[in-house]
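Going down the list, the sequences are from chains A and B. Each number in this note's numbering corresponds to the 1-based position in the first sequence with 9 added. Each number in this note's numbering corresponds to the 1-based position in the second sequence with 66 added.
Derived by calculation from the structure, the hints in this document are not laboratory data. Every residue, glycine too, gets a C-beta built ideally from N, C-alpha and C. Warning: the hint list may mix true and false statements.
Said to hold, decoys possible - Rough simulated footprint, nothing fancy, chain B against chain A, three-plus residues with beta-carbon under 8 Å:
#, region
1, 90-98
2, 134-145
3, 155-164
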Amino acid sequence: MTYLAKSILLVAGLALAACTDAGRFGPDDAGAGTGSSGAIAGSASDPQSPLYFQQAIGDRVLFAVDRHTLDDEAKRVLDGQASWLTTNADYNVVIEGHADEQGTREYNLALGARRASAVREYLVSRGISSNRLKTVSYGKERPIEICSEESCYSKNRRAVTVLASGLTG
Amino acid sequence: MMRLLGTFMTMLVAAGLFMAPVQAQDGPLRIEITDGVMEPLPYAVPDFVPESGAAAEMAVNIARVVAADLSGTGLFREIGKEAYISRITSFSSPVEFADWRAINAEALITGAVGVEGDAVTVKFRVWDVFGGQELGNGLQFSGTTSGWRRMAHKVADEVYSRITGEAGYFDSRVVFVSETGPKNERRKRLAIMDYDGANVQYLTDSASLVLAPRFSPSGDRVLYTSFESGFPRIYILDVANVGRRVLQSRDGTMSFAPRFSPDGQQVVFSLETGGNTDIYLMEISSGSETRLTRAPSIETAPSFSPEGDRIVFESDRSGSRQLYVMPATGGDAQRISQGSGNYGTPVWSPRGDLIAFTKQSKGRFHIGVMKTDGSAERLLTASFLEEGPTWSPNGRVIMFTRETQGAQGQSSLYTVDITGRNLRQVRTPNGASDPSWSPLQQ
């Protein structure tokens, strides 16, 4: 805009177009959350059941702060997973990598990907076809424990092997 | 007491900047930005004069938004109407300077509002009270009733600019992530609002997790990361019609942390394959990708310099997370962060002189700024958890996410001046994170 002589008002048109469709999502939206929750099928006493996989074998491994290396306990769990997946060849899996809340969003996404990938590589080394294994990172977005203490953080630094039957590609 | 200030202007160059008055014998009313201790400039903004019955409420509201904008900077201090001696009843009547001097109002803003149907006109003048003269010329904006807040922000930007000599930042918007639900079941949606938290509108529903929206340089598009497909992918969204499309969707990979190039034609982002995250550049029109880093370490959170010739990013190649600068074409990267602790989410200032960042050190998080060579690091804030700085269009203010500690932890948005002063929460209807500040609107 430019100014005219003193005491003359300039008219500067403002393009104040009414705002678009941006309001089409109301404030009361209640979409579904994301992440892997929901009931797991089967009986824990049936060794072929996903519930057995989750509870008896163990569907998750834990990591130290900022690390993605698998310790002996993690490898023991993953050996069990590999054995189960060999027997139950109908199942594919998505390995979810997670981080605790200490760290930026971007770094934690990358860190969760490292963790998921470490599990994937280990399962492949135990004979599971890489075609059956997908990875995803949720970073720090999906904590299972919500306190801001190491007791919670240690459970959130995890990679979870989620069974998905009939997953392709 | 602050008095009329010198006419000379200096640019923001050194670190450790403060807004401060510079004493001078005469010259126009001015806040000079230099070193020193800031005493906010006292001003008065009486209710604007309604030029029709329909304008009465808006005339009051516009003056209140102007005052909120100016006082919100920490550079101005409003003198309340209970102190007034004079009343402004006509836009064209002469100002009784003595009455405003008597209450120590150094600047006076007068205005008038006309409403006719859906059309609004706002005119205003800025007065240098102690100089006994008008500062600049009267100006008039026209718009519609629904856009009245924008007109108020335009007035405040003009006042700010005339008194500080810098561009304002009030007629701007923020795109962010609106958060509801407990920490372990958090729902996130993209939302957009005025810089001051008014006029919140939602851009997505909360069916899919969304993260870190980033405005295009012209404010018309937004890049963000969504788990809509089940995997993190970068999407581009048109703000006007809320149309969106996925930008990058190679199977077996994750893409995230996108930002526009200064010309708006390219996107720099992180791509993860096989557990390793590197930085890539994509031309939006063709979708063609160029890999910029090639390392087994994590490279993420890239941000262009305003000239578009360099990119600052975060990497843990040294063993801890540090900040690096490389040419926009890739190649040798220079580490710039030198302190202890972990650094992340670097963002180049629109002025080009500073890089804002997140720092994690000794169990605390900070928002800080450093020169682009890594020198003169200054931490502006400290708390349990904060991250994700974004710059005001004029490079004076940083908005960021702060999250409170514990099981009931909530995210909200704060602003802080680059001097580290004037920390303020931005009011939002729900939890809020990952702000991205638009340029000044046209």
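Here's how the hints hold up against the structure:
1. 90-98: Coverage by chain B is violated for the region 90-98 of chain A (0 residues, Cβ < 8 Å).
2. 134-145: Contact hint for the region 134-145 of chain A vs chain B: holds, 3 residues under 8 Å.
3. 155-164: Answer holds; 3 residues pass the 8 Å Cβ test.
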